[in-house]
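2 protein chains.
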Amino acid sequence: MFDQISIIGCGLIGSSIFKRLKKTGSTKKIITFDNNKSVNEIIEKDKLSDEIFNSAGEAVKNSDLIIIATPISSFENVLSSIKGNLKAGSILTDTCSVKTGVSKTFEKMNLKNSICIPGHPVAGIENSGPKAGFAELFEGKWTILTPNKKINEKEIKKVSNFWESMGSKVKIMSDEDHDKILTFTSHLPHVVAYNIVKTSMSNDEKVKGDIIKYSAGGLRDFTRIAASDPIMWRDIFIDNSALIIQAIDKFIKNLDEFKKAISDKDSKKLIEIFEKSKDFRKSVIKAGQDTDQPDFGRK
Amino acid sequence: MFDQISIIGCGLIGSSIFKRLKKTGSTKKIITFDNNKSVNEIIEKDKLSDEIFNSAGEAVKNSDLIIIATPISSFENVLSSIKGNLKAGSILTDTCSVKTGVSKTFEKMNLKNSICIPGHPVAGIENSGPKAGFAELFEGKWTILTPNKKINEKEIKKVSNFWESMGSKVKIMSDEDHDKILTFTSHLPHVVAYNIVKTSMSNDEKVKGDIIKYSAGGLRDFTRIAASDPIMWRDIFIDNSALIIQAIDKFIKNLDEFKKAISDKDSKKLIEIFEKSKDFRKSVIKAGQDTDQPDFGRK
Numbered sequence: 001m002f003d004q005i006s007i008i009g010c011g012l013i014g015s016s017i018f019k020r021l022k023k024t025g026s027t028k029k030i031i032t033f034d035n036n037k038s039v040n041e042i043i044e045k046d047k048l049s050d051e052i053f054n055s056a057g058e059a060v061k062n063s064d065l066i067i068i069a070t071p072i073s074s075f076e077n078v079l080s081s082i083k084g085n086l087k088a089g090s091i092l093t094d095t096c097s098v099k100t101g102v103s104k105t106f107e108k109m110n111l112k113n114s115i116c117i118p119g120h121p122v123a124g125i126e127n128s129g130p131k132a133g134f135a136e137l138f139e140g141k142w143t144i145l146t147p148n149k150k151i152n153e154k155e156i157k158k159v160s161n162f163w164e165s166m167g168s169k170v171k172i173m174s175d176e177d178h179d180k181i182l183t184f185t186s187h188l189p190h191v192v193a194y195n196i197v198k199t200s201m202s203n204d205e206k207v208k209g210d211i212i213k214y215s216a217g218g219l220r221d222f223t224r225i226a227a228s229d230p231i232m233w234r235d236i237f238i239d240n241s242a243l244i245i246q247a248i249d250k251f252i253k254n255l256d257e258f259k260k261a262i263s264d265k266d267s268k269k270l271i272e273i274f275e276k277s278k279d280f281r282k283s284v285i286k287a288g289q290d291t292d293q294p295d296f297g298r299k
Numbered sequence: 001m002f003d004q005i006s007i008i009g010c011g012l013i014g015s016s017i018f019k020r021l022k023k024t025g026s027t028k029k030i031i032t033f034d035n036n037k038s039v040n041e042i043i044e045k046d047k048l049s050d051e052i053f054n055s056a057g058e059a060v061k062n063s064d065l066i067i068i069a070t071p072i073s074s075f076e077n078v079l080s081s082i083k084g085n086l087k088a089g090s091i092l093t094d095t096c097s098v099k100t101g102v103s104k105t106f107e108k109m110n111l112k113n114s115i116c117i118p119g120h121p122v123a124g125i126e127n128s129g130p131k132a133g134f135a136e137l138f139e140g141k142w143t144i145l146t147p148n149k150k151i152n153e154k155e156i157k158k159v160s161n162f163w164e165s166m167g168s169k170v171k172i173m174s175d176e177d178h179d180k181i182l183t184f185t186s187h188l189p190h191v192v193a194y195n196i197v198k199t200s201m202s203n204d205e206k207v208k209g210d211i212i213k214y215s216a217g218g219l220r221d222f223t224r225i226a227a228s229d230p231i232m233w234r235d236i237f238i239d240n241s242a243l244i245i246q247a248i249d250k251f252i253k254n255l256d257e258f259k260k261a262i263s264d265k266d267s268k269k270l271i272e273i274f275e276k277s278k279d280f281r282k283s284v285i286k287a288g289q290d291t292d293q294p295d296f297g298r299k
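From first to last, the protein sequence lines stand for chains A and B. Reading the first sequence from the start, the letters are residues 1 to 299 in the working numbering. Reading the second sequence from the start, the letters are residues 1 to 299 in the working numbering.
Hints are supplied without guarantee of correctness; some may be wrong.
Identical chains blur together in the list; that is why a pair holds if it fits in one copy or across any two.
With a straight-line Cα cutoff of 20 Å, these simulated PhoX-like cross-link-like pairs (lysine-lysine) come out [what the hints assert, rightly or not]:
| no. | residue 1 | residue 2 |
| --- | --- | --- |
| 1 | K150 | K28 |
| 2 | K22 | K45 |
| 3 | K171 | K158 |
| 4 | K250 | K260 |
No lab work stands behind these hints: they were computed from the structure.
Turn these sequences into a full structure, and let the hints steer you where they fit.
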């Protein structure tokens, strides 16, 4: 494995990585950097890092693997500050939720000393920050790697092994495929969740209070998704805006048709939509992405 | 309490009621009717009813409380068939998810022998049918009663006590308020969940397969809601169509604004939407409608 690993950005994902590394003891030295003082205090108090640096540039020196786990909007700045200090032959990866932008930035920065292998652990939860992180976060989840075609298979294998040591399943695909899939599995659902909360909130105060009180009928599940980290989601929506807008347009077109079926009281059409949804749900369960135990009506 | 209770319709809700009644032994006689033979076989096998009838009309004779737990589209037919057989002074209630239509039907049928008190246990889960029902389904959940103003408080209290014996919290409100609130807490979330599944499914087969494979990033939670009982939801959408269409229009208007913020890469506007969503989520947790334990990233 890697003798020395630097983690730049110690939020939910970054902290879950070093908590796992500490637990398994699979690396000799863990180095961390975060530009938030209170984050560093938490890390120091719990002895989760072997060395905490005050600059990203200092933090990457001599490291064999560098993981950038910052919001997308900080990614390019981080690369600029570490560029001159990377060890020859080191591997550089990231955990950003959009991959075509990351690939372009890697290319633009032309980091000759390092091998750049973009990655995305699909392991988000609605809580954020280093306190929310835990060693088992990645267990059974997918991590998607999107190296360009010039990258040596041996190097990809090292990163792949690393994520497997985190408990993750690993899949290699192109950055375009990644962004297209994630638009539907994650980005559009978040747009819609935020928007349904926004729509519910636009009622007058009395109704709004009642909506909160009786939100267990379905709405609360949307508030759960919509509680995710604001900075992260702003960055995703901006970085992947073209694909997300296409998906929103598709969604609105379908919603208009759905509205027409409701307005026409078109029983056959409605049942058809619902039955297909049930089939899709069955496929999700079959793919091991969820269980069929009821949870929607949980307490 | 009631000496004899008839349950018409033995799906998730109806079966959860008689399972609870059997468990607590709080009534002398439980009578059931369902027009589905296989449902009656399940009930008979597990000895969950004291008497199973082959017609709704026969099933209500001499009963003190009659609970209609059928889909909305069967409600008027059930009333017609039981109308002549209701015991004087009996109480008639239902469990339908839309209440203004039920009130109108009660009024139209002019059932002189019985006191009609519409009700809605807000306790749905994504599974349906008598096998999915369980005695604890209503525990800690709200049941909303929407009696008209002419109904005696003493009679309302009896139904209220009944639902409390089911483990439920009870709230009395007007049928209009009920439908307005449920439009936002339950009906619109279901429209949106069905529609996001529909939109994801409209991709080509390869992408669709990948979307299923990586659906844990948010989409699976929508598939869970969208797995609910098709007949029930068709009926809700048709019966509450006017309010649901208004809500869809509001939702699309907000989504257009949201889309513009993404397209303009309007960081300030996006963060504002997200922060407000987080506040709303906090209110939902404060109202005891959900916990703040992460679940979105569950295995």
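Now the hints, each set against the structure:
no.	hint	result
1	K150 x K28	neither (30 Å within a copy, 78 Å between copies)
2	K22 x K45	within (14 Å within a copy, 55 Å between copies)
3	K171 x K158	within (13 Å within a copy, 59 Å between copies)
4	K250 x K260	both (16 Å within a copy, 15 Å between copies)
Of the hints listed earlier, the one the structure fails to meet is number 1.
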